[in-house]
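Protein chains: 2
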Amino acid sequence: MKKSLGAKTLVYPTPAWIVAVYDQAGKPNAMTVAWAGLCCSDPPAVAVSVRQETYTYQCLLDRQSFTVNVPSEQYLKEIDFMGIVSGRNTDKFSLTGLTPLKSDLVDAPYIKEFPLNLECKLIHTLEVGLHTQFVGQILDVKVGSQFLTKQGIPDLKKINPVIFANGMYYGIGEVLGKAFSIGKNIAPPF
Amino acid sequence: MKKSLGAKTLVYPTPAWIVAVYDQAGKPNAMTVAWAGLCCSDPPAVAVSVRQETYTYQCLLDRQSFTVNVPSEQYLKEIDFMGIVSGRNTDKFSLTGLTPLKSDLVDAPYIKEFPLNLECKLIHTLEVGLHTQFVGQILDVKVGSQFLTKQGIPDLKKINPVIFANGMYYGIGEVLGKAFSIGKNIAPPF
Numbered sequence: 000m001k002k003s004l005g006a007k008t009l010v011y012p013t014p015a016w017i018v019a020v021y022d023q024a025g026k027p028n029a030m031t032v033a034w035a036g037l038c039c040s041d042p043p044a045v046a047v048s049v050r051q052e053t054y055t056y057q058c059l060l061d062r063q064s065f066t067v068n069v070p071s072e073q074y075l076k077e078i079d080f081m082g083i084v085s086g087r088n089t090d091k092f093s094l095t096g097l098t099p100l101k102s103d104l105v106d107a108p109y110i111k112e113f114p115l116n117l118e119c120k121l122i123h124t125l126e127v128g129l130h131t132q133f134v135g136q137i138l139d140v141k142v143g144s145q146f147l148t149k150q151g152i153p154d155l156k157k158i159n160p161v162i163f164a165n166g167m168y169y170g171i172g173e174v175l176g177k178a179f180s181i182g183k184n185i186a187p188p189f
Numbered sequence: 000m001k002k003s004l005g006a007k008t009l010v011y012p013t014p015a016w017i018v019a020v021y022d023q024a025g026k027p028n029a030m031t032v033a034w035a036g037l038c039c040s041d042p043p044a045v046a047v048s049v050r051q052e053t054y055t056y057q058c059l060l061d062r063q064s065f066t067v068n069v070p071s072e073q074y075l076k077e078i079d080f081m082g083i084v085s086g087r088n089t090d091k092f093s094l095t096g097l098t099p100l101k102s103d104l105v106d107a108p109y110i111k112e113f114p115l116n117l118e119c120k121l122i123h124t125l126e127v128g129l130h131t132q133f134v135g136q137i138l139d140v141k142v143g144s145q146f147l148t149k150q151g152i153p154d155l156k157k158i159n160p161v162i163f164a165n166g167m168y169y170g171i172g173e174v175l176g177k178a179f180s181i182g183k184n185i186a187p188p189f
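Residue numbers (numbering that gives the first Met the number 0), protein chains in the order written: chain A, 0 to 189; chain B, 0 to 189.
Hints are computed from structural coordinates only; laboratory data are not their basis.
Keep in mind that a hint or two might mislead.
The list treats identical chains as one, so a pair stands whether inside a single copy or across any two.
[Unchecked claim] Pairs of lysine-lysine, DSS-like flavour, derived with a Cα cap of 25 Å:
{"no.": "1", "residue 1": "K2", "residue 2": "K183"}
{"no.": "2", "residue 1": "K156", "residue 2": "K111"}
{"no.": "3", "residue 1": "K156", "residue 2": "K76"}
{"no.": "4", "residue 1": "K76", "residue 2": "K120"}
{"no.": "5", "residue 1": "K183", "residue 2": "K120"}
{"no.": "6", "residue 1": "K156", "residue 2": "K177"}
{"no.": "7", "residue 1": "K76", "residue 2": "K26"}
{"no.": "8", "residue 1": "K149", "residue 2": "K7"}
{"no.": "9", "residue 1": "K111", "residue 2": "K157"}
{"no.": "10", "residue 1": "K157", "residue 2": "K177"}
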């Protein structure tokens, strides 16, 4: 028996990512986003949704650049904090103690302490409603070397990304199976 | 020390959701997507990216409707299967034994066995590159009543959604903390 809950943004999982930008004066700013996801393989692209009233919104338009920073769960307080306050009247980096580093390829800072950083060049904006979607072409992905396996692949359990759902944060769970493999036997011969 | 991995779609978490549609003949079809996310709070909207060569692509344009279905991890084989084969020459519902039900508000089927179903009306398409992004306004969210808490809230541990990362599937982990709360004390007074 299914129950209708109405028109809601209710779906799992959604990420807890930090979008970082420079403002017009060059001050680094960052905000937490959960309305976001990858959106294209070629060019590799990621979409993040931001409300017009945020300080980050104008920075994105001015600089045409942003980074997506994937935090580890040890930074839960910082993740939450950067989704509560506005960069218009606070310096979120100095308050959290996080370190903004200059990107190599785009005009936006990335966050040193977070394991995974995507340098993105703005290629599309889409006005959806309360949120505007910013689509960034991913020009580089940086990973802290301590988060890589010996084979040079990011180790998800070391990265420990955070999931946002139902107003709570969750960790990542256990490996369930291999994609493009575990379902092959459903319809033999394949 | 950060290591550059180049321009890649490498970020965590991404979902494993099933997009369901009707084709021109009325046959239900479904495909697995991971390049997807919420994109607006008002109207509530979700974005899913689909390649032009898929069978689902034309169905989305023809019907201007889709559902997003969140599977439980017990359906891992079905999730994977629906991302491997094409509905052009297979009937994924009959092969998996999953049940397509007629939506109440949109011209697309939803999947009975999956705990969470979003009925979506197509409101935007955005050509990004290899993938086209389809933005759907969420008109209703349906949840199996057995997946609700006594307070009527979806129970994430019962729903057990699946995460796609590094070519593997992962489960959801433990609760880490409460959003818009745990970070409040970083900058007193708040």
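Any hints from earlier that this structure breaks? Give me their numbers in increasing order, please. 1, 4, 5
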